[in-house]
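Engineer: Protein chains in written order, with UniProt numbering: chain A, 1 to 754; chain B, 1 to 158; chain C, 1 to 286.
No wet-lab data here; the hints were simulated from the structure.
Watch out, some of these pointers could steer you wrong.
[Claimed, not checked] A short, non-exhaustive set of chain A residues, derived as facing chain C with CB atoms under 8 Å:
| hint | residue |
| --- | --- |
| 1 | Lys165 |
| 2 | Asp182 |
| 3 | Val684 |
| 4 | Pro742 |
Even glycine gets a Cβ: it sits at the ideal position worked out from N, Cα and C.
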Amino acid sequence: MNFDPRFSGRKFASVGTRPIRPDGVDKVTGRARYGADFNMAGQLVGRVLRSPHAHAKILKIDISKAEKLNGVKAVITAKDLPDLTDGDAAMYDILDNCMARTKALYDGHAVAAVAAIDARTARQALKLIEVEYEILPHVTDVDEAMQYHAPLINDTIFTEGLEEKPVKPSNVTKRSQFGHGDVHQGFGHADFIVERSFKTEQTHQGYIEPHACVASVSSDGTAELWVCTQGHFVYRQHCAQLLGMEASKLRVTSSEIGGGFGGKTHVWAEPVALALSRKAGRPVKLVMTRDEVFRASGPTSATSIDVKIGARKDGTITAAEATLRYSAGPYAGSWAEIGAMTAFACYKLDNVKTVGYEVLVNRPKTAAYRAPSAPMAAFAVESAVDELAKELGMDPVDFRIKNAAQEGTRSSYGPVYGPIGIGPTLEAVKHHPHMKAPLKKNQGRGMACGFWFNFGGQTCVDLNIGMDGSVSLAVGTVDVGGSRASLSLVAAEELGIDYSQLKAIVADTSSLGYNDMTDGSRGTFSSSMATISAARNAIKILRERAAQMWDISVDDVIWEQGHAVAKREKHGNLGKLSLKEIAAQSGKTGGPIAGHSELVADGAGVSFATHICDIEVDPETGSTRVIRYTVVQDAGKAVHPTYVEGQYQGGAAQGIGWALNEEYIYGKDGRLQNAGFLDYRIPVCSDLPMIDTQILEIPNPNHPYGVRGVGETSIVPPLAAIANAVSNAAGVRMTHIPMSPPRILAAIEAERGE
Amino acid sequence: MAGIAVSTTINGDNIEYLCQPDETLLDVLRDRLGLTGAKEGCGTGDCGACSVILDDRLVCSCLVLGAEAEGRRIETVEGMAHGDQLHTLQQKFLEHAALQCGICTPGFLIAAKDLLAKNPDPTEEEIRFGLAGNLCRCTGYDKIVRAVQDAAIVMKGA
Amino acid sequence: MRYIRPLSIEDAVGQLAGSAGISAILAGGSDLLVRMKGGFVEPDLIVDIKSIAGLSDIRETADGFSIGAAVPCAVLGENAALKKSWPGVVEAAKLIGSKQVQGRCTITGNLCNASPAADSVPALVAAGAKAVIAGPSGKRTIAVEAVPTAPGKTSLAKGEIIEAILLDKRSPRSGDAYLRFIPRTEMDIAVVSAGVNLTIDEHGVVTAARVALGAAAPTVLLVEEAAEALIGRKLDEAALERLAKVCAGACRPIDDKRGTIEFRRKVAGVLARRAATTAYARAGGK
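Turn these sequences into a full structure, and let the hints guide you.
Structural biologist: Structure (structure tokens):
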């Protein structure tokens, strides 16, 4: 279909308003069905046996006793999930992560699973499975894993991206490099240079809903899967491939999702549930415990980053360089590469170079976490930028404004920017009342910038018009934060009808064409593009039907505010027909009216944000308190401003938790010490102030309404903004995230010379 | 293991069930009675998603045995609305967009109901500490606190 | 597994004494159910003590207060007389867990769980609280600090139940306070904590004091030298400085996921000092 995605600069009637979301009432009454809220007749309880070792060879698994226990219907190991990946290394890693084949690669790695008639029997059965391990040396720290003599996690890994293939395998899977110009020359022109090393610990997305699914495999080879996921179409593909099924035989329904933030983009337990169901011949429900979520679903990378930035006395950055090491868990990923791309994306630089190293460690497989890899890189870079501003004697906001990227700037990762929001967010911050709020003793202010690409991708939407004139919108991107509301607004806008005439749903994999995940902040961007396209296709049909009803040429019918209008100069007497009137006659004018759209949403608009925060530090204990917090971010166009604010606030809160208290803590034995919400400390309500937001709208030229993604950028600046605030409050530069009280107190005392 | 017969009151209804001695009230509500509004986020009393009111006390139903409910009074999120009339808190959560994914929402609504019953005119700080047992990972709590503040004003006037 | 709900303490003691296998007492359940969920304990017998007459009451007697073993911590905060006499004990009890946990957890359970980081225990020890124990061979009363013997272990014999915690009637010009350090504002386990209880004379000179530290050693620490640093003086800077130093020195903490040895030492002193200042003000000292 001919679809023109260019920004049109139209005036909006629906878009930009703040109606109540269509899924709201079900969610406040407890009626909404999440992953664990669904049951099938005859359903069994699935449970997974996990390795207690960080790194161990699996010598033998004896399931015979477990199989004999009354009430046990299936016990599976890697043998029941044979390797059908046919040389696809990425799929093999997914398979191995779902069920360890020859080695357990981290504390929590699945080694066997059972399905039984109830939870107690399943628990007992797990105890009866005998696994013989040969414990191997392990490594959990990213820097240690890069050492020459570090325990090798996978001896078939030879670092990619080097000029020559290395002679020896290592834990470094890939080296990637970005940049332009000549940094050596650039540093030669600098009057001031800041060079520092930083570390960030591993964090988890911390969604409140544990992974949950119900799988039902029929003996005719068809199957159904109910699951909380960010992308049911991708889950279908992965599960089908791993189980040797045709994708169309597996119907996947995405439940309401209780948070994902990137963590529900990979299959973990779903292929296991399907394999159990296939073996037992009954539906199987598999719900992770919180302990399992922390130990065995994907956290983000831990990192170790060196940054060097130089500037002339006038405040012009002459060169910027960073080396970034990201842990990937035991399987290859592209996390360091993304970090290396985003690190300096906010700035206009003549000489820039970033090098990323992807490092295997004995920790769970890294998964995306909201703007994955960007917050750590921004922490290192924005900390160094602040320090450099201080050395130059410049205001940190002015220093950034002077060096901010703008339209036409060649980005540090390659492409040339179109219209972008970094400069405007900085100008907004400069004039924000927060910058003038008084600070008390032991309080400090910090600010920082952040960047995220935003994704587009494959998208499909159906828009069906009922005979009563109401409209149902079926989308394939999972609604993680209110997208059914925003997409309804977009459809209402395009059709010229009221929001209340629409109902949006997320369709299952058998009811709609393929859709990529809801990730990369693509949900509203991509699906709104497809919705606009589908609505335009529906309007074309509505015009044709109106023309038929009037018996005039379709070229003489235009669509205006929800009505077909006959061109006045030719058919002044005909008036107009409402969508409802046309729909009512559809049975006589050619049948049902619908608009469809299948497209690849290109041209996602990059997004920038600048945050300000005030922190109070207790110099005697290292305790911190967030006093004020402000988010300024470019949304392109805020379709539903309240939910845009919600994304800004939520990302900031997650960033605050990461900056101050959240971290995976491993013991010397390689076991995770804090696999629960008690000691993995996400912010509670009393930890935070109100989070002020300011939405800027710099239209994305590649979207009809100017929409960019909004979901992820808000987690990028907080680590650095808070580090800068703490450093200003405590009088000492903080270089290790999280800035937990013991780390802050130790830094203060080291500074005092105690 | 013999089942224990329990007779209790849930959202004003007399309910009888059989449960095992190690079964939590949350398991009973969700798996035996089909009341899936209370969610299991952790099972250890750290997230508050399973909050219910037990004889006028806010509790985590994952930290109560099903057997303990004998002769007691339980309120869950399913009992907050009257017919199609939402509770003021439910309405205010919708108006303020105090939920994104919504998994923590039933727990927050129950905790907020208990908070306002005991303290009809709370300060922002009292709301924040009163709801500190309920984790939300989506909203940053801002809109939740505002929804409770607004509901308190409406409920005081009612 | 059996669940029983006895109506008398004698019945409860008899059931516990006569049970084979693992038995557990259930009051608030906020520790027991977590341990059961994690698979750390699978009791054969659960004895729910909440239906035993008197165990859910706070009684004010001629000698002070008797707090039944099944009284939830939230109820302590609602008892005006107790709050007035022992504000430090009440604030410690009110720090355990969330509002949800407050509605269930008990100070007796907190004591019997025998965690070195238990919030109410340093405050109770500073207050000189006693535990009334019912058992197969009758009743006995011991100081609360004699209950925990090691992390997760108590001095209670098979069949014994703590029936109540006793707090003395308050002498004039007395005050107590409890402070703990946690990384967040709520929901954490104490990294280190301090309870201070003191009495002053009409001139503001400390005449009696007890200082207890939590999460600083395998069991709660009653630091006598810290009390000595306060007794016989007004709470001047030198006394506070000495208190902080003594407390830091008395700690025998460990490095773990919640904090380092260095951090715990340092902050134990800071908290003792701050708690003493509050307790002194509550006693009417200026």
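Engineer: Compare the structure with each hint and give your call.
Structural biologist: Structure-based check of all given hints:
no.	hint	verdict
1	Lys165	violated, 41 Å
2	Asp182	violated, 44 Å
3	Val684	holds, 5 Å
4	Pro742	holds, 4 Å
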